[in-house]
Every structure is written in structure tokens, then in C-alpha cells.
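Peer 1: Here is what each chain is made of, one letter per residue.
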Amino acid sequence: MIVSSTNTAKPATGIPALLKTAFVNALIALVLFSLMVGIRTEAGSDGQLTYWTRFGEVASLVAAVFGGSIVIGLLRQWIGPNGTDKLVPPAVRSGMSFLGRYLAPVLLIFTVLVPVIFYDQRYILDLAILVLTYVMLGWGLNVVVGLAGLLDLGYVAFYAVGAYSYALLATNFGWSFWVCLPLAGILAAFWGVLLGFPVLRLRGDYLAIVTLAFGEIIRLVIINWQSLTGGPNGVSSIPRPSFFGIPLDNSDNGLAARLGIEYSPTHRIVFLFYLILALALLTNWVTIRLRRLPIGRAWEALREDEVACRALGINTTTTKLTAFATGAMFGGFAGAFFATRQGFISPESFTFQESALVLAIVVLGGMGSQLGVALAALAMIGGFELFRGLETYRMLVFGMAMVLIMIWRPRGLIGHRAPTVYLTKAQAISSDLVKEGHG
Amino acid sequence: MSGDEILGVDRLTMRFGGIVAVQDLSFAAERKKITALIGPNGAGKTTVFNCITGFYKPSGGAIRLTHDDGKVIALERLNDFRIAKQAKVARTFQNIRLFPGMTALENLMVAQHNALMRASGFTFLGLIGAPVYRDAEKHAIDLATDWLKRVNLLDRADDAAGNFSYGDQRRLEIARAMCTEPALLCLDEPAAGLNARESAALSELLLSIRNELGTSILLIEHDMSVVMEISDHIVVMDHGVKIAEGSPREIRDDPKVIAAYLGTDEEEAVAVMESGS
Amino acid sequence: MDYFAQQLINGLVLGSIYGLIAIGYTMVYGIVGMINFAHGDVFMIGGFIALITFLILVSLGLTAIPVILLVVLLVSMAITALYGWTIERIAYRPLRHSFRLAPMLSAIGMSFVLTNYSQVAQGARVKPIPPFITGGYTLHESTDGFVIQLSNIQIMVVVTTIVLLALFTWLVSRTRLGRDMRACEQDQTMAALLGVNVDRTISMTFVIGAALAAVAGLMYLLYYGLVDFFMGFVAGIKAFTAAVLGGIGSLPGAMLGGLAIGLIETFWSAYFSVEYKDVAAFSILIVVLIFMPTGLLGRPEVEKV
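Those sequence lines, one after another, are chains A, B and C. Quick note on numbering: this note's numbering labels position 53 of the first sequence as 53, and the sequence is numbered without any gaps. Quick note on numbering: this note's numbering labels position 208 of the second sequence as 647, and the sequence is numbered without any gaps. Quick note on numbering: this note's numbering labels position 59 of the third sequence as 775, and the sequence is numbered without any gaps.
This is chain A alone, in the form it adopts within the complex (with noise of 0.2 Å):
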């Protein structure tokens, strides 16, 4: 392996080749910069536009593509043409796959008592929830994409249904959030199921614009039914959720009172981070659990290879119908716990960029992966949240550490499949071998 790497490209080697390869290109940088960087222009109060200069900025961004090539470069060379992966010896590989099996039930552990922990403070509650939000989304689309290898790009469509359906039925009729929960789940399925009938014969990249453009369809339903939706101002005072029934606020039969102990406003953050945690949960339990029954493996079945189902006698429409449908039901109780938790909902929560961020999360997971798609999450939606104070950088930040990410780790952090049934030993299956499905 390490010597019969032939058909990569000997890299140049040299000072003078990573001097030659830095100032090519800081030149290129120079001209993408010039004008885009160099150049500011902007709209005057009376609609003229202005310009000035910004030489510096595009000065130091030419330099620091030079340094940076130079130190990829010699980094490169150091490394070796076998790239980071094989840099980690075999003992800490052994040693990472130890612990891998024991991650799950600490990580689990761990998220009980995070409301134990950091019951003080708000922000990393406010934060686990919005992480265990992004985790239930990740295993909820896990079973379209990773499972039956249907690229969904709409995903955030289902997501909106759900969170649409309680806010507008609770508003309206007053129904409670655990009538409406099972509702919006299965209000999310059925357009699931209606979207999913016509367009799941189509394969690929159709099927990927065809669920694009519905995410992009209920989108803009949403902005101009105005008179259902509220239009671009959402929905807004959706009941909290209750504990079964006892309000959890500050009144006299709220849940504080009736346990007689001191009313505070974590206990509903508390509760919000509990219920989550079970919905993930009980999300992440079904799927385990259907990929052990007949549906789950035909879903895995039709991933590797469609054809081959066929000749085997399983309905193909079905089966990537009832796939399609229980993804969609997942995300629509997620929804309906967005819509619960934020008090208020707006078409802007649900863009594509939602979707694209919780299909990152798949694949960055490692397709299938249940553990994977938890630990993505957490990176991006935690890493996210570090660059908070980047403000508008942040969005650059988080679109550069996607590209790198699929460059460094294209098939995802956990890279392997899990065989569903044994006769005598459970051996992991490498992901080199697991197709990623055609439709």
C-alpha cells in the first residue's frame, strides 16, 4: 500500500517547486480577490453607488494563501502521499475501536444527566436541546438516506409539516401538544406518502431535485397562504408544552405548585430537554429496530441494489414508500417539538439550508450509522455554536469545514455497517464494500 501508490501524482518536491506552486497560487488568489475583496462597493442614501478600496485586505489575503500553501505543502511532504488516515498508528486504532464500543452507553449516560450537570446554565440546556433537536432530524433522515439510500434533499419540508400542524392546531382548536404530537407525525408521513407515490420511481439526481423543489414548494405555500400560515410572520404564542396534562408555569396548579417546591423557569427547560431526549430516543429505537425486521434489511436491500430486490420479489415502491414515510413521520414530531419549544414559528426556520445542514449531518455520520449521525450533530451543531460571535463568518466558516470534512472523511466519521442478523459472530462490514443506493 505505502509503495504501490502509483497512480497518485508524485507531488513536486523542492524548496523551489512549494515556492514555484505558492506563487502561482497567490496569483490566482490576487485576481479571485481583486475585485470581489479589493473593491467595496455600496448603495448610497440616495440609491448611487459608491466605491472604495480595500488593497490591504486583499494584500494580506494573497499572503496568507502563499503561507498556506507553503505550509500544506511541507506538511504534505512530511506526511507522506498516504495522506492523515493511515498517520494514526495501529495501537491508537485498536484503542479508538475499544473505546468505540463503549461510547454509546457513556455518551447516553452522559446526556441523562446533562440537565444534572448544568442545571444552572441555560445556555448549554438551550444548546443540548437544539443538539438533540439536529440528532432526532439526522437519525430521522438516516432511515431515507442512509437505510434506503434515497438522496432527500426536502427533508426540511416534513419538518415544517410537523411543526406547522401543532402550531396551527393549537392555536386554532386548543388541542393539546400530546393529541397534536402523534398528528403532526402522521400529517408529515401522509405527504410523505403523497409526494413519495408519484416521484420514488424516478432515480438519482431526479429524485434529489424532485424532493428539492418540494421543500421549496411548501416553503412558499407557507409564505403566501398568509391567511392559514401568518405568512413571512409565522405563527406566534403556540402553547408550551404541558407534563401530561399540569401546565409547568408559574400558576397555581402549575406543576411547581402542586409539588410544592419554588416555581423556576428551568423546570420547563428541563422538562423540553427530557422530552426531546425521548423522542431521539424512541426515533433511534424504532430504526434499530426495523433494520432487524424484514422492512429494514429490504430498505438496506434496495440501497445495495434495487434490481436485485426486484428479482427477489419485494415490492421496490412500497418498501421506498414506507421508508420515505417513516423518515418524514420522524421529522414531523420533530417538527411539532420545534414549534413547542420556540413558542413561535416562521417559513425562514425552514429553508434549504435546513435541509442540506441535516443531510451533512447524515453523511458526515457515516451513512446508516445511528452513533455516527449522533456524533455529527454534536460536531456541527456544537461547532456551529462555537463561531456564534463570527456572526456573518460563520456561515463561511461552516461551508469551508463541510468541504474539508468530505475531502478528509468522505464516507462519514463511522465508517462501517453493523450486520443486522448473526450465526455466530457480528463482524462490522467496511464501508468500501456498502453501496449508497441510486435513487
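Just so you know, these hints were derived from the structure itself, not from any lab. Possibly wrong hints are sitting among the right ones.
[Said to hold, decoys possible] In silico DSS-like links for lysine-lysine, alpha-carbon gap of 27 Å or less: (1) B:Lys496 / B:Lys510; (2) B:Lys524 / B:Lys496; (3) B:Lys588 / B:Lys527; (4) B:Lys577 / A:Lys425; (5) B:Lys588 / A:Lys425; (6) B:Lys577 / B:Lys524.
Go by the hints and put chains B and C onto chain A.
Peer 2: Frame of chain A; chains B and C shown alone:
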């Protein structure tokens, strides 16, 4: 052919645009027998297969399948998965189509999808862990294990199918097709790419499927040693039409077949035909 | 009837712009088999570069409009093409033989990078320019006073599109590069064995696609008189829809799809409601794909078994 017919192909025609791949082809396959479909490359054999197994919709003609209980099914009216599900026709592919990222056992479990779906109460009973489903799953694993034993892959049950050698993959694909418990097994060049020893083992496997389980087999094959050894009946195609049919002996001596098979170079053709004897 | 004719003109102009962007999607898809999600943002960058060049030229005191247009066109095509080249080099080439979703996500990431790069570098506010090319022709004036207008800018958009298409068709069908591109589309390994420089051909595909997007960006700027950092997303999705509608991978299909989307949007706005024009475009895409699963001009997929 009278006899006990399982598959009757009647004036089958398949056109792709202006090209006629199969024209007015009629033949029959007998129950509990091995029928071989042979012919030079491009004769239209795989097209016939794809029509029988529902991947193509024939342009004309009829394909009848008669089950043991006398029920007759018109295959040309069923499409794709229903042929496997309702007519109980299983097939393998010329360029093996296993589920490479799933283990051998999982491959065989997927093959029992329809039976397991019913047992799992279309997932709902399975989800709550009903004993009905657990028994069915155990039974399915037993059937799969039995087949892994037959194709001599039991010790590799938990390995990913994609890691198997070519010959092992061919046998696993046959085992997977058999796990659907078919009435008719269609094999598309099962001996392609196998060495002599593997070919011999394949012949033995196919004979045991016919003799012990009574499954009817229809196969396309280029390896004459396999065809001549195990076939009960041979249909020869060239350029989309049937040019001969009969017992291995009759086919071997048919000058038309020899001529068609290797063009003008008759000596070589004779050599190929005789390698099977 | 007059109203209809006017909308037809407007729709064709809009469709021309979509078509130019759609060609970039379809070319890349044909050769590399990936959806270049960042392409809409390349279009946006093209618009910005055109805007900035305009400003500089005007502030330098240049007044000859044809000269300004030519310089702007060339500068914006050249720099945007370099953006296309760089994007392919950084974000897609390392993933060329990787599994299918990786380059797609890399492209989505790249799209976020470009959108926000533009926002950081040029601010979030809409950038208007004064109408640059004015005047036009009155084609017909009906008795009730309705006038069918054909503005100079509309003529320019359509003429530019036609010229570029002719040039581009010539490039693909007659030149060495075009032949290499078609060869790579069929079979990259075989093309490489026969001496085609696959890396260079793919790079050139991105360069040409980006240059066409830059032209579209310039046309958009002239036609609508404004650019903003977010315009790449909507235009990109529309153009991609157009490419798929026409049959992704097919060049005439991309143009046809672009015109179709442009016309659908315009007519829907004119006769039904402006708010739902995008909904109409996307719905028609879904309906067309249901009945023609590979688009209007796409080659039907023959399933090899």
C-alpha cells in the same frame, strides 16, 4: 412437447426500436427437469430471460407458467417483482447481483422478504416483538443456514458478500434465489468465470436441486461441459430465433447447431461440442 | 392577445438567462456526474464582478457604452471562469472517484462559502445600478392603449444568448476540446487511455460553465439593474430545475428547460399570481418528471440487467 410442462413460451417476440432481438420463439420447459438455452453471443438468450422474469415487457407472444397445483399464470401480464412473488420464478444474473455490503446470511434473509413480511404482520407485530415473528425469523435463519451448508459457505455466513471470491458469489446467488422457494429457477450463465473444479461443483449443485428438491431449472450457459452433463433438454437460439431443440445427444450431432455456433469454422465447433461428452 | 405577446417576450428573455446558467449545470453533470450546487453562486459572483467593473470603468470617465460592455463582459467572464476552475480544483477534484454524496455535499458547502464570502466582502444590501441600456421599440399599439414593448436590453439578452449558444455548439461539436469533453462524458478511463487529458478537460468544463454563468450574471444585472449576495440560490435552483426539466446532460435540453421555466414563471405571474410563480415552476417540474422520468430531451435510461 407434451409431458408435464412448467414453462411454456409461445411465439415470444421482443423488439427494441427497429431491432428484433427475439422473434417468434416457442419452447417449453418440463417440470423437475433442467432445460438449457444455448446459442452464440447476441443470440437473444438474456433477452428471453428478461422477458420471462419480467424485466422486459415482451412485444408479442405469451409466456405461461404452470404451478404444481395446475394453476396457470400468464407471465407476460405480470411485471417485475410480482413474477418472483406470485409466479415463484427466481433468477440469477449474468454479472452477479448480490447485496455486497450485507453478509451472506443477510442476503439469504432478504430473499425471504415476502414470507417474513407476512409473519411480521407487515412490520407491526415484528416491531413489538411478537412471538409469531420470532418463530418465523428462526425458521428463516434455519432455511438460510441449510442453503449455506448446501453451497458450502456456512463458515462464511457472517462475512460481507462483497468480499467473496467470484465462484463463492455465484453459489451464494443461487442459494439466495433458492431461498425464495421458487417453482422455476432461472440461471443466467452460472458457470461463467468458474474454473473446472468449480464448474463440476456447480453441476453437482444444480443436479441436487433438481433431484432432491424437484425444482425446475432453466439455464443459459456457454460452458458446454456443464450444459451437456446436466441438461435434460436443450434449446438452441441464433439471431433471435430457435434453430434446434432436443436432448443433449441430438443437439451435439446437429450440424445446424454446429454451423451456427461457431460460424464456418466447423472443426472448432465440433471440438467445443465434443468437450461436453 | 397583446398582453400575451408582451409576456411571451418577457418570458423568453428570462428563460435565456436561466438557460445560460442551466448549461453550466448540465455540462458538469454530463461529464462528472455531479450536481454542482455552487453553480448558482458562481452566477452571483459573475454579476458582482460585472457590477464592480462597471463602477470602475464609469468612474474612470469612460462613456462609450459598447466599449464598457465589452470590457465588463470580458473581465467578468475571465475572473468568474477562474472562480469555476478554483472551485473544481479545491472542492471537487479530490472527491472525483469518491462515493456519490461526498462531492454533492462538498458542493453544497462550497455554495455556502461563496454566498457568505460575497456577503462578507460586499455587504448584505442590494446593489442597484442605474439603467444603463435604455430605449426600445414599440412593436404594436392596440386600440385600448396597450403597448407591446421590446426594449434594447431584451434584444441584447436574446441576441447574446443566441450568439453564445452558436459559439458553444461549435465548440462542443467541432473543436478538439469539445471532442475530448464528449469522450470524457462517455468513458473517462477509455478517454484517458486514448490520450485525452481528463483533468484538463474537466477543468475546462468548469471554466466554460462559469464563463457562461458570468454572462448570465451580467445580463441579470443589466436587465434587473441590481445584484445581491443571495440571488445565486434562487436563480441556481431555477436553472438547475431547468436543466433537469430539459433532461440533465443534454445541452439543447438545458436551453429548452430554461425557456420553459422562464415562460412558466412569466405567464403564471401574468395570469394567476406572482406569489405562486415559483410554486408553479417547481410543480410543473414534478409533473413533467412523473410522466417523463428523464426530462424533456434526456435519453431514457435503459436498465441493463
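Peer 1: Next step is simple, just say for each hint if it's right about the structure.
Peer 2: Each hint tested on the structure:
1. Between Lys496 of chain B and Lys510 of chain B the alpha-carbon distance is near 22 Å, which keeps this suggested pair within the 27 Å criterion.
2. A distance of roughly 17 Å separates the Cα atoms of Lys524 of chain B and Lys496 of chain B; the hinted pair therefore holds under the 27 Å criterion.
3. Note on Lys588 of chain B and Lys527 of chain B: the hinted pairing holds, with a Cα-Cα distance of about 23 Å set against a maximum of 27 Å.
4. Between Lys577 of chain B and Lys425 of chain A the alpha-carbon distance is near 16 Å, which keeps this suggested pair within the 27 Å criterion.
5. At roughly 17 Å between alpha-carbon atoms, Lys588 of chain B and Lys425 of chain A fall within 27 Å of each other, so this suggested pair holds.
6. The suggested pairing of Lys577 of chain B with Lys524 of chain B holds, with an alpha-carbon distance near 21 Å, which does not exceed 27 Å.
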